[in-house]
Structure formats: C-alpha cells, structure tokens
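Chemist: Keeping the supplied structure of chain C fixed, place chain S upon it in accordance with the hints.
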Amino acid sequence: MIEFESLTYSYRSGEHRALDHISLSIHQGDWVSIIGHNGSGKSTLVKILMGILEDYEGVIRVEGTVLDDENRAELRKRFAIVFQNPDNQFVGATVEDDVAFGLENNGVPREEMVRRTEAALQAVNMLSYRDHEPSRLSGGQKQRVAIASALAMAPDVLILDEATSMIDPEGRREVLDILQKIHHEGRTTLIFITHDLTEIEQSDHAVIMREGRIISEGTVEEIYQDTDALIASRLVLPFHIKLSKRLLDGAYMSYDELVRRL
Amino acid sequence: MLSKMLLGRYIPGSSIIHRLDPRAKIIAVVLFMVIVFFANHWTGYGLLILFILTLTKMADLSPRFLFNGLKLILILLLFTFFMHLFLTKGGTVLIDGGFFTIESEGVITGIYITIRLAMLVLITTIMTLTTSPLQLTDAIERICRPLKAIRVPVHEIALMMSISLRFIPTLMDETEKIIKAQSARGSTFMAGSLTSRLQALTPIFIPLFISSFKRAEELAIAMEVRGYQGEEGRTHYRVLNWEFKDTMVLILMIIFGIILWVIRQ
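Chains as they are written, first to last, in the working numbering: chain C, 126 to 387; chain S, 646 to 910.
Derived from the structure by calculation, the hints contain no laboratory data. Think of the CB as a built atom: it goes at the ideal place given N, C-alpha and C, for glycine as much as any other residue. Do not take every clue at face value.
In silico contact screen, one side only, chain C against chain S (beta carbon under 10 Å); selected entries [unchecked claim]:
1) 222
2) 223
3) 226
4) 227
5) 233
Ranges of calculated distance between the beta carbons of each label pair, as one might list FRET restraints [said to hold, decoys possible]:
6) 199(C) <-> 896(S): 47 to 53 Å
7) 830(S) <-> 150(C): 48 to 54 Å
8) 305(C) <-> 861(S): 47 to 53 Å
9) 256(C) <-> 790(S): 22 to 28 Å
Pulled out of the complex, with its shape left as it was, chain C reads as follows (with noise of 0.2 Å):
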C-alpha cells in the first residue's frame, strides 16, 4: 500500500504549484490509472515516488514506512518504471543485455540473472527477439522490453509513464494486454499515467487530476459517469461513451453494453 499525504510541490520556488495537497491511496495488487492533460502534475505524482524529485512538502508512505533520504534508495528497489520514451529508456546493446541490466546493477549472481531475464522476457513474448539490437524493433516491442527490464526485478509496483504515447496503436494493444496479465496474477500493482480514457478501462481504481489536483477518483464506472469533470480536465471522451451520452440519456455501459442495447 503507497498513500501519500497532503504532498504538495513546485518546480521552482514561489511558482505555482505542480502538485497541490494530493492524497491518495494505492492498494497492494491494484491496477490504478492516473489520468490527466498536460501539466497536470500525473508525471511529477511519479518522480517524487521514485526520488527522481525531491524537496516536496506533504507525506509518502510505503507500507506505513515513511519515505525518507536514507531509506529512499532500499524502497525505490521495490519499484520499477517504464517511462515514455521507447528508444530513451534502452541501455542494453541487445535486448537481453537490456533487461539484465537493472540485475547487474543490482549485484545479481549470473545463474539467476540468465534465468530471471528469460522469464521476463517470456512475460511479454519477446523471448525470441533476445539477441535482437534496439534499432531492429518496433515501438510496441521496445517498450515490452522495457516492461521486460522491469519485471525482471521483481517489483511491487510497475508505474508506466505514459508508456503508450508514443507507439503505434498496435503496439499499445499489445502492452495493455501484457499489463493486463500481469494484473491477473495479483502481485504487482499496476500505476498506470495517460491521457487517453479509452486505456483505462481495465483498471480498478481511476484518478482524475488536474493542474496539481486530484477532481476525480473512483472505480472507471464512476469516472465515466463524471462526464463534466473529464470535459473540465481537457480530456478527449471515449467514443462509446460519447454515443451513451447523447443517445442512451448519459447512462454509462461499457462497450459491449451499449452494442448489446443498440
């Protein structure tokens, strides 16, 4: 469980803020979506957390421990990050130079890091690409390997920083349906950032934010039905549930649903 507590930040001092007195708990297991325009403070929630940021006002808790300087770096172990960028975030010559990576950095003995490099890149399919050069994949695959080079430390939590803005539509199908096979087996907890609705469908619990501040948060049935705080937020409503809206008297149904009446 992460909760944070009244955690406030600003890039510069006196400016305004970033982030402005956000609260919010993650539970163990959960796949929670973080969904907000530009500027609204969802890629800076992350950088705190994993203390690329520092010198925020407020609290951070991972269970019950209070983050701090000196237990910072043993807490950051237990979360992995895949950032925006597909071709920015790759290290490794190869793709399994890649994902051991983050294991050798960590002083993992060679036996376990062949085989827990293997698994993770079993994890997303990309087992048989292993000796391939970045330069030879697709955005979709880059950014498999790049949740690949995160499983394999075993993490807690996987936070993916708009993680699918970058890549085909193709590719974006491939990784939520890799995120959500993680999620089937329950022990990672999924913090998902986007600016897109339509990707937050399998998730459990959403958060709305905007210009530092969490409008919304519920379970995706709930955020759907809060068609005036996702228009508030700038936010582009999925087509199945702009159709509800105006056809069906705003009732909210998922997408087979709404087949299904029509």
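Modeler: Showing chain S alone in chain C's frame:
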C-alpha cells in the same frame, strides 16, 4: 562506394575465427603488429602474406571481397610506395630522369613497407569483420582492467562505448528525419559552393544536438531508477569464455614470431 567500405564493419558468421574469444583476437593482433616488423627479406614477407591468406580462408572471407572493401586504403598504400620509390636512395640507379632518380633500394623498400602496411590493415580488418563491436568492447574492458590500479575508469569507458554503439542507429534515424523535415521547409544540402553546403548543415546539427542532450538526460534517469550506481557491487551478464583454442592461437602466434625472427637476415 561507402556501402562497400569494410573498415569497422562486422559481418556475422560462425567460422573458427568468429568463435574465438575476442580477447584472444585483440592480443593476437597486437602480437602480429610486432611480428610484422621482424620480417626483413622476401621469405619473411612471403610468410606474412601466406599467413594473412590462411587467416582470410579460416574466417570464411573471400580475398576479392576484402580487396574490394579496402580500395580506399589502396590509395594510401600507393602513396607510401611512391614516396619510397622516389626518396629512398641506394643500390644501383634504375632510371635517371634528370631531376629525379629511381634506385633499386627505393623499389625494394617501397614494396616491403607497402606489404607491411597492407598486412597491418588486413589483420585489423579481419578482426573487426569477425568480432561484433559489443564483444570488442567487452574484451577491451577485460584486458584493460589492470589499468584500474592507476585510476583509469575502465568500466565507465567501456559503458560509454557500448551506449554510443547502441545509439548510432538511433541518431542516424533521427538525422534522416531532421534532413527530411528541413528539406520540407525548403533547405537544400546538395547545391552551391562548399561553404554554403557546410552552412546548410547547421539546421541539421543544432536540432540533433538538442535532441541528443534530451536523450542523454532521459537515459541517465532511466539508468538511475534501474539502480545504476557505477561499477561497485555490479555483476556481469555477458561472460567471455577463454577456451583451449584461444590459448593455442596465442601460442601459434608466438611460434610464428619466433620463426620470423630466426629467419631474419
């Protein structure tokens, strides 16, 4: 022309030379660089040429392919040859052209030096053709490890090399994109005088530099969150396996050197 260039290229294969430990290859090449200078008459140079031809055969490369790929180097070799032809004096005068003379010593030294240079270029080319850049980086890191005692950051240099190699194709793609984008905005790169062509490169390089810095920063963050803290406490995924055949290569190389030394005149 450029596509045929072989300098620094790697051609995947499974020959015995491909499968040698990259460390053995590097050490053997360094030994060869010394051995080349042992030869000082026809038998010695004949043996060197024979040695390189055998190596080419063992690496599954065709001599014609090697020759075509090294045509640019040929200009350099010819230049060396002619320098010696005209400038080295001694022996009998073969041609007396008035303001210049060609003497027999000049011809012989010219040929010797040219063979020497050609052999050095060939053996290094055979090495890079049969060893992936990644393996070479690994091998250099292992070989240079003792230098850490005098505070040479061997691991960091090797990591920098491997990241640079990894980003070459990425930056090539990016350059191509920028060229297209600038062309679409009316830039021309292929017309005008040399100075105007060089100036036309500015709108390519500036965006390229900016994006490289952004990439570097993101990469640094990605490495940090994956726990990179320098070499301490790090394990290695890639291992180099030194086998019996690698030791044999070095022994054969030394024997070859001894033979050349013995037949010296």
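Chemist: A separate judgement is required for each hint: does it hold in the structure or not?
Modeler: Outcome of the hint check:
1. The beta carbon of residue 222(C) comes within 6 Å of a beta carbon in chain S, closer than 10 Å, and the hint placing it at the interface holds.
2. Taking 10 Å as the C-beta cut-off, the interface hint given for residue 223(C) holds, the closest approach to chain S being about 9 Å.
3. Interface restraint check for residue 226(C): the shortest CB-CB distance to chain S comes to about 6 Å, inside 10 Å, so the restraint holds.
4. Given the 10 Å rule on beta carbons, the hint for residue 227(C) holds: about 4 Å separates it from the nearest Cβ of chain S.
5. A least Cβ separation of about 6 Å between residue 233(C) and chain S falls short of the 10 Å threshold, and the interface hint therefore holds.
6. The given range of 47 to 53 Å is respected by residue 199(C) and residue 896(S), whose C-beta atoms sit roughly 50 Å from each other.
7. Checking the proposed 48 to 54 Å range against residue 830(S) and residue 150(C) shows it holds: the Cβ atoms sit about 50 Å from each other.
8. Range check, residue 305(C) to residue 861(S): about 34 Å between beta-carbon atoms, so the 47 to 53 Å window is missed.
9. Distance hint check: the CB atoms of residue 256(C) and residue 790(S) are about 26 Å apart, consistent with the given range 22 to 28 Å.
The structure fails to meet hint 8 from the earlier list, while all remaining hints are met.
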